[in-house]
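In the working numbering, the protein residues as written are 4 to 66.
Keep in mind that a hint or two might mislead.
Unchecked claim - Lysine-lysine pairs mimicking DSBU-like chemistry, simulated, CA-CA at most 35 Å apart: (1) K25 x K62; (2) K46 x K65; (3) K46 x K62.
Hints listed in this document are in silico derivations from the structure and should not be mistaken for laboratory results.
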Amino acid sequence: HVLPTSGTSRFSSPLGVYDFQKRTSLIEVSESGARGLGLIAAKLAREEGLEAHARSAEKRFKS
């Protein structure tokens with residue numbers, strides 16, 4: 004096995020196989036669900052002062 008470096012082995016477990024694997028998730032969402040998430044993303048972006056991000060989220064769902 005491989006021990007973590009920089010002294011972290013004092014409080015961390017040894018590295019294992021899963022530390023070297025890339026894990027991904029597949030998520031499925033309906034068109035109406037995606038539209039709802041886009042509107043929420045736009046609202047959050049505006050609240051954070053990210054107008055360009057908000058417009059980008061909205062534009063993805065305009066026909």
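Taking the hints in turn, this is what the structure says about them:
| no. | hint | verdict |
| --- | --- | --- |
| 1 | K25 x K62 | 32 Å, holds |
| 2 | K46 x K65 | 16 Å, holds |
| 3 | K46 x K62 | 13 Å, holds |
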